[in-house]
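Once you've looked at the hints, go ahead and assemble the two chains, each given alone in its own frame, into the complex.
Listed below, chain by chain, are the residues.
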Amino acid sequence: MDTLRFITCGSVDDGKSTLIGRLLYETKLVFEDQLEALKADSKKFGTQGERLDFALLVDGLQAEREQGITIDVAHRFFATPRRRFIVADTPGHEQYTRNMATGASTAQAAVLLTDARKGVLTQTKRHSRIISMLGIRHVALAVNKMDLVGWSQFTFEEIEFDYRRFAQDLGFESITAIPVSALEGHNIVESGSAEMPWYEGASLLQWLETVPAKPSETGQPLAMPVQWVNRPNHGFRGFSGRIASGTAMPGDKVRISPSGVESRVKEIIVGHGTATEASAGQSVTLVLEDEIDASRGDVIAAASHPVESADQFEADLIWMSEHPLPPGRPYAALIHTKAANLSITHIKYRLDINSGAHLAAKALGLNEIATVNLSLDRPVPFAPYKENKRLGAFIVIDKLTNETAGAGMIHFALRRAVNVHWQALDVSKAARAELKRQQARCLWFTGLSGSGKSTIANLLEKRLHADGKHTYTLDGDNVRHGLNRDLGFTEADRVENIRRVGEVAKLFVDAGLIVIVAFISPYRAERELVRSLFEPGEFIEVFVDTPLEECERRDVKGLYAKARRGELKNFTGIDSDYEPPQAPEIHLRTLLIKPERCADQILQLLRS
Amino acid sequence: MNDALFAELEAESIEIIREVAATAAKPVMLYSIGKDSSVMLRLAQKAFFPGPIPFPLMHIDTGWKFREMIAFRNRTAREVGFELISYTNPRGVAEGIGPITHGSAYHTDVMKTEALKQALDLYGFDVAFGGARRDEEKSRAKERIFSFRAPGHRWEPKAQRPELWNLYNTRIHPGETIRVFPLSNWTEADIWAYIRRENIAIVPLYFAAERPVVKRYGQWIMIDDERLPLEPGEKPETRMVRFRTLGCYPLSAAIESSATTLDEIVAETLGATTSERQGRIIDHDGAGSMERKKQEGYF
Chain A
141 MDTLRFITCG SVDDGKSTLI GRLLYETKLV FEDQLEALKA DSKKFGTQGE
191 RLDFALLVDG LQAEREQGIT IDVAHRFFAT PRRRFIVADT PGHEQYTRNM
241 ATGASTAQAA VLLTDARKGV LTQTKRHSRI ISMLGIRHVA LAVNKMDLVG
291 WSQFTFEEIE FDYRRFAQDL GFESITAIPV SALEGHNIVE SGSAEMPWYE
341 GASLLQWLET VPAKPSETGQ PLAMPVQWVN RPNHGFRGFS GRIASGTAMP
391 GDKVRISPSG VESRVKEIIV GHGTATEASA GQSVTLVLED EIDASRGDVI
441 AAASHPVESA DQFEADLIWM SEHPLPPGRP YAALIHTKAA NLSITHIKYR
491 LDINSGAHLA AKALGLNEIA TVNLSLDRPV PFAPYKENKR LGAFIVIDKL
541 TNETAGAGMI HFALRRAVNV HWQALDVSKA ARAELKRQQA RCLWFTGLSG
591 SGKSTIANLL EKRLHADGKH TYTLDGDNVR HGLNRDLGFT EADRVENIRR
641 VGEVAKLFVD AGLIVIVAFI SPYRAERELV RSLFEPGEFI EVFVDTPLEE
691 CERRDVKGLY AKARRGELKN FTGIDSDYEP PQAPEIHLRT LLIKPERCAD
741 QILQLLRS
Chain B
16 MNDALFAELE AESIEIIREV AATAAKPVML YSIGKDSSVM LRLAQKAFFP
66 GPIPFPLMHI DTGWKFREMI AFRNRTAREV GFELISYTNP RGVAEGIGPI
116 THGSAYHTDV MKTEALKQAL DLYGFDVAFG GARRDEEKSR AKERIFSFRA
166 PGHRWEPKAQ RPELWNLYNT RIHPGETIRV FPLSNWTEAD IWAYIRRENI
216 AIVPLYFAAE RPVVKRYGQW IMIDDERLPL EPGEKPETRM VRFRTLGCYP
266 LSAAIESSAT TLDEIVAETL GATTSERQGR IIDHDGAGSM ERKKQEGYF
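Which chain is which? The protein sequence lines are A and B, in order. At position 63 of the first sequence the residue is numbered 203 (our numbering), and the sequence of numbers has no breaks. At position 74 of the second sequence the residue is numbered 89 (our numbering), and the sequence of numbers has no breaks.
It should be emphasised that the hints constitute simulated quantities derived from the structure, not laboratory data. Here a beta-carbon is modelled for each residue, glycine too, at the ideal position from N, C-alpha and C. Any given hint might turn out to be false.
Unchecked claim - Derived CB-CB ranges, DEER-like:
id : chain 1 : residue 1 : chain 2 : residue 2 : range
1  : A       : Lys709    : B       : Thr103    : 46 to 52 Å
2  : B       : Phe21     : A       : Thr350    : 18 to 24 Å
3  : B       : Gly139    : A       : Glu527    : 39 to 45 Å
4  : B       : Glu23     : A       : Leu688    : 54 to 60 Å
5  : A       : Gly311    : B       : Arg169    : 29 to 35 Å
6  : A       : Glu431    : B       : Gly139    : 31 to 37 Å
To be verified - Partial chain B-side listing against chain A, Cβ under 10 Å, derived:
id : residue
7  : Ser28
8  : Thr103
9  : Glu191
What the hints assert, rightly or not - The calculated DSSO-like cross-link candidates involving lysine-lysine, where the alpha carbons are at most 27 Å apart (straight line), are:
id : chain 1 : residue 1 : chain 2 : residue 2
10 : B       : Lys61     : A       : Lys406
11 : B       : Lys173    : A       : Lys539
12 : A       : Lys393    : B       : Lys61
13 : B       : Lys61     : A       : Lys539
14 : A       : Lys502    : A       : Lys539
15 : A       : Lys488    : A       : Lys502
16 : A       : Lys526    : A       : Lys354
17 : A       : Lys393    : A       : Lys406
18 : A       : Lys354    : B       : Lys61
19 : A       : Lys646    : A       : Lys609
Chain B on its own, in the form it takes in the complex (with noise of 0.2 Å):
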């Protein structure tokens, strides 16, 4: 990695949030906490620089992320001083929707899909940015940098528009939304390596330490609260532990990693044998599963 390259990949992705800015009415960044979100908030600091980023960040809440990643995300928002907005599904809180209770598809569906349509509606936001990349899942990789969802927010493959040179059709009637993704050209690597290389904070569970978790399915699931029920014959224990992912806790997977320092994750990752979405739970609901997701207007 060198300065080229991120000059080159910095350049894309301002070029794209700058886009947005001169063009939508309402945008909004959706902030996810993860190190992909921090990325993409330190290039929208750029793109604006002297100036503040001028549209706020929203968190879809689920009311079952991580504590350290609630924290996190409060302090940062202090620190960088952008507008936060944190929203989540009323629906899903009154009926007491949880991962465990429900599913991890149910609530994944409720509490991120719904949830996110109904914050898009309520405040009128025209235009969202996500931090999704092309490399993270076969699907992804045919996802525009602008895509389109229809009023209802559906995304239909058949209704993208081609994307020709640096050249972004923005247009919208009423009632439809773009999705925004300044992060499309990264790769995992990339991500680490800037991360490294701008000093930008991330949540502490990106790096190992000892932690309590349980082996269930074959994965190492943190015991983050006391919501997390034991089944029979399951015993928490300690161990190092890392998140290459971070998602709502029962539903993200640790592995067991000794990299305390940003230098040992880059190695690690640029030496991984599975792929980062492996500890996300959500991705092996079955054949195409993220594909029928984001028809139902799942990021």
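Chain A with its partners taken away, still in its complex shape (with noise of 0.2 Å):
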């Protein structure tokens, strides 16, 4: 016996949630006191008349029940004596491209609903384009609803070659037609329906029962991410984690990535003993001859096929986050059990998952699904998603709100990190600092338009220049005139307008120069980004921290009034968001103190 993962697509017209409420009451999964209660629901919310309405039985939050739609990834579970099964059933409206992608992760195999009324649609073929990208490789197409198209042998042929004329470049493996009727229950369970007795193949529940669910990473060469170092007492240690691909035995020789140390397995520990072999699929904890040092997110593999490890992929990524991804934004990843910094550095096409066309973009939106270049902020051992799902996928999370904005599958590593190597210099950052007796740093003012921000910046820098200092001030709007003159004011050209801005703060900065920023800087992820360039102290936060309504009321140059009037769009504080800093190196509250003695403030830390 062994399980199936499977992912039911259709929307709720296709008779889906019919479909599985059937298979667990034919499989004999709905216990007495639950038919009872779905007795009183059908009378109560049921679209069946006096009959029972299976659909009840799956249609879990109240909410829904009551809006009539499936919001969410429901897991159900029922079993025959062959097989057991675990259900994803998720909804199929396009807004809910996230929780099919959610539950074709897991599954090894899909059913696919089509009315027989209505044939192949666009989302039919959306959700096996979202299938075929999570690497599903086995589909029954089930055409419902023969009952309403006469039981016809000819519209059932009809839609099936369709359907195979449609998926042939989508990677099945295989693609199995089944005529069927959830409501009446022909062809879900028994096969050889008298209401067509031309269709002579399986039923739903007998292909389910038969089609193959051994992933296929057994077969391949060892690899297990190490999810986490086992060291109760200093004579211990072990490296436990779920086995990715392959098998492993004592006397296997393994190399450890990224690093490179080989060594031995020792010890192979399952449960509360050892094992003398395991394989993909198994959690463990392998002992290796010598005392080499892994961590967390490293992973273990054959000697004979080490895993490779890189910083930049290309990859197809889909955003599940109602807040757009900008390129540039720096983001928490995981892949496998190793946590780094993303960023996209590039959209290279959105994908209309209704018609299969490649798109520019330039933001991705939710329920959008793209390829794209990313950049890691270090190497991570990986596999293709083709080959390996476990080394290949990766989460991409909001580090603002923790939300779990992105999905991504690996296609492959850029070289691009081999082949520009850093050109190392003599004469160093130090150097060229001490020649001019200042210690190089980076002053970035944020804060509203209107804040005061350039007017400190300017008080400041005649100040250091009076001091024989050598400085240079980059200013939001003279820089807009020339590099970034290409950038507008969306979320995405905001994050670009930033990141290059660091860049050349950064370049001044290595110069030798005192640099004084004075940006809007809106989003706090991206100064965080800027930070992260620079050496510990190197980067000084000052927070030009000015109300929003004494900004509009001073209104220098007019433009709240004409944001105001809707004549300028995504405007800092009127249509757009601004994140003040939580910790900045110098909080100046303009209301309290003049700009000069604002100016002293950055004087007496610049000098401690």
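Encoded structure:
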């Protein structure tokens, strides 16, 4: 006996919930007390008149029962003497692409539902593209509501033909079309429907019982991400994790990625004992012969087939957040057990999930799918998703809200990091600053438009200059006239604006200068990204804290008035957010202190 | 049931338990003394073998658990050697709150839900394991394995994170907590078969024996101590009964059974025609009652 995890795709109208409800009912997974509840519910919410409404067995949350739609991923369980099943039941509407991807990520097979009266629809194609992208290889096309088309063989074969022609490029290993009626129970459990004698194939349940469930990773070379280092005392050190591919045996020569250190497997601990071998899918603890260092996120692999590491990738990305993805913004990522910082460097194209067309895109919105280039802040052991799901899948996490904002699948590593070597120069930053008898610094002013950033920055530079310091000021408006004149004020452009200025500031600091940057820089994530470019102590965040009402009252450039009239879009504080710093090095409350005193405060800090 | 199936179920649960150990600041395992907790405990032992379980186990004691449950709890903690925390809501004790005097809903709210929140806050636990399974109840079918609770322990269906592959996003802000359910994908039949295979010790109340009971609302309620007042016309009798689930004693109904061995229990479970939660009086409080309790912070 084994377990098959499968996903059902289709909308409420296709009879998906009815189909699953019937599978549960027919496999005796519905108990008497639940049946009583179902009878009562059928009367109250049912759409089937006096008959039992099986859909009510699976629509769980009260809110969605009232709305009559399924809005999340539900997991159902049933079993036959041959197999145990876990069904991921997901909604079919386009706005739930993320839920379908979630359900498909752990499934080995898919049941794709179509309405016999409607045939292959746009949504059938959309669902097929998603499950193909997530790596599902076996599909049953359940042509439902055959009772409503007079059990017509012709209709069924036409739909099957259409679907096979459409799906030929999606990489499915097998497609099985089955004519069914979920409502009447034809070809669901038993095959050989009296109404459809022309169909001689398997029933849906028979297909589910026989479709291959074993992941292909078992036959590959050994790879296991280290999940947890088990060190209960000085005498024992084991590396715990779930084997991603292949088989481990004592004596096997292994290599750790990314360190490249080699050793041999001394002992395999499974549960409370030792095992002579363990294979893909098992949670084990490996004890190695040598005392070597490996930590969470490293991968132990067969020495003959070490796992590659890289920090730049091409990948498919499904965006799951209401908040759009601007390229360049730093996110947190988790790939197998390895945590890293991630940013999307380039959106190659967005996939129109309905038509399959490739579209140009500057940002990525909720439920959109794209092929992107991405960059990590450290090398990560990986494998292409197509070869190994566990080593090629990753999630993207918003660092501010901590929500899971995206899910990705690695295609391959980009070799950029290997080809572009850092040119080591003999005259160092310290040497340049020494010559100027100063310490190179980046003073980053952030605050609302009209808060007084430029005024204070200007005063400060004059004072520094008078002191014989070498300075340079990067002003938001000025830079937008040259270097950044191709950028607008959308969130994506603002992120890129700050990224470029951050890099320029870094070069100037490298040249030994004291750089003053006066930019609204509304987003915390970008300011943190810029901070990470500098060495500790080099970056000084100056929060010019002037309340919005005061900025608007001053309105030096008349911009607030314009924004209020709707003539200026994406204006910070009006229709675009400002995220104040949480722990700035210097906090200037301009309502309480004059600009001259503000400059003094900064000078004091620089001298100390 | 065979070895491959258990290897798979075990592997997933152990991966989940280790993921918490690797990422949480201060995890705790909630231990309800029931069969699911017993399985979860065994999996935690396996996850960290040969080391000890690197977090404490906590029992929320409502003061109305069967006496045999408490004895079993203390014995198990000694034998397995884990750190046991027992917590009871002091307000409930001071006000003398119980299921008989205050009704099942209020008792559960104060002595379980409120007590759990108090205990998590008191010790500063950021992640708590629970033994809930998705097959138990309809609203649980949509529960994540890592379930996020906003400050104040509120569960908001809309704020739950998508769970793809085996990649669990465990990042939280101060004040937020996570409930983690390593047994999400186990069924009741899996639990019993695993208990039999692994020979896991369970509370004797799961086995049929002659016990003093009364019939109330059509269900068999066991008389565990003198705190259960008899209604007019109720007569205690001795019956061969056992429990499919265990909770507070006046709230858990027994079933008539002659199953005195694990084999007989497994056979009875596989042939059962009613769901296990039928014996839980809490589920019958009203439509969507479990969903509502969960939003309020019930496990």
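Here's how the hints hold up against the structure:
1. Checking the proposed 46 to 52 Å range against Lys709/A and Thr103/B shows it is violated: the Cβ atoms sit about 58 Å from each other.
2. Distance hint check for Phe21/B and Thr350/A: the Cβ-Cβ separation is about 22 Å, which falls inside the suggested range of 18 to 24 Å.
3. Between Gly139/B and Glu527/A the beta carbons are some 43 Å apart, a value that agrees with the proposed interval 39 to 45 Å.
4. Checked against the hint of 54 to 60 Å, the pair Glu23/B and Leu688/A passes, with Cβ atoms roughly 56 Å apart.
5. Remark: the range hint 29 to 35 Å for Gly311/A to Arg169/B is contradicted by a beta-carbon distance near 43 Å.
6. For Glu431/A paired with Gly139/B, a C-beta distance near 35 Å keeps the hint of 31 to 37 Å intact.
7. Given the 10 Å rule on beta carbons, the hint for Ser28/B holds: about 8 Å separates it from the nearest Cβ of chain A.
8. Here the hint on Thr103/B is broken, as its CB sits about 32 Å from the closest CB of chain A, past 10 Å.
9. Contact between Glu191/B and chain A, as hinted, is supported at the beta carbon level, the nearest pair being about 8 Å apart and thus within 10 Å.
10. Pair hint Lys61/B plus Lys406/A holds up; C-alpha atoms about 19 Å apart against a cutoff of 27 Å.
11. Pair hint Lys173/B plus Lys539/A holds up; C-alpha atoms about 19 Å apart against a cutoff of 27 Å.
12. This hinted pair checks out: Lys393/A and Lys61/B have alpha carbons roughly 26 Å apart, not beyond 27 Å.
13. Restraint check for Lys61/B and Lys539/A: not satisfied, since their Cα atoms lie roughly 34 Å apart, outside the 27 Å limit.
14. Taking the CA atoms of Lys502/A and Lys539/A, the gap is about 21 Å. The hint holds against a cut of 27 Å.
15. For the hint pairing Lys488/A with Lys502/A, the CA-to-CA distance comes to about 9 Å; that is within 27 Å, so the pair holds.
16. Distance check on the hinted pair: Lys526/A and Lys354/A sit about 15 Å apart at the alpha-carbon level, within 27 Å; holds.
17. For the hint pairing Lys393/A with Lys406/A, the CA-to-CA distance comes to about 10 Å; that is within 27 Å, so the pair holds.
18. The suggested pairing of Lys354/A with Lys61/B holds, with an alpha-carbon distance near 25 Å, which does not exceed 27 Å.
19. Taking the CA atoms of Lys646/A and Lys609/A, the gap is about 18 Å. The hint holds against a cut of 27 Å.
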